[in-house]
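Q: Those letters in the sequence shown? Residues 1 to 74, per the UniProt record's numbering, in order.
Calculated directly from the structure, the hints in this document are not laboratory data. Heads up, the beta-carbon is just placed ideally off N, CA and C, and yes, glycines get one too. Among these hints, one or two may not hold up.
Unchecked claim - Each pair of labels, with its calculated beta carbon distance range: (1) Thr16 x Gln68: 15 to 21 angstroms; (2) Val10 x Ala47: 27 to 33 angstroms; (3) Ser72 x Val10: 16 to 22 angstroms; (4) Arg74 x Ala41: 17 to 23 angstroms; (5) Asp45 x Arg67: 28 to 34 angstroms.
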Amino acid sequence: MTEHSADREVAVMAYTFQLPNYAREVGQAEKALLSMNSINAVNRDNASESIIVTSDLSYGEVLEVIRQNGISAR
């Protein structure tokens, strides 16, 4: 999936992150990520206790944002 941003094409990717403390941290993760302009969507997968993040950031950059907010993720 790609989006056009000003003069460049931006690849939008979907990443899945497992949250070991899902019940306690899923809302916090969602709030932290959705406050950023570079995050397109955050979807919950309650069955697998994970979130799916759609963003033009890299996997590592999204993981760093999650962890900087005190959320354990892998």
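Q: Taking the hints in turn, state whether each one holds.
A: Going down the list of hints, with the structure as the test:
1. Restraint check, threonine 16 to glutamine 68: a C-beta distance of roughly 19 angstroms satisfies the suggested window 15 to 21 angstroms.
2. Judged by the Cβ atoms, the range 27 to 33 angstroms given for valine 10 and alanine 47 holds: they are separated by roughly 31 angstroms.
3. Under the hint 16 to 22 angstroms, the C-beta atoms of serine 72 and valine 10, about 29 angstroms apart, miss the expected range.
4. For arginine 74 paired with alanine 41, a C-beta distance near 20 angstroms keeps the hint of 17 to 23 angstroms intact.
5. Look at aspartate 45 against arginine 67: about 19 angstroms separates their beta carbons, and that is not inside 28 to 34 angstroms.
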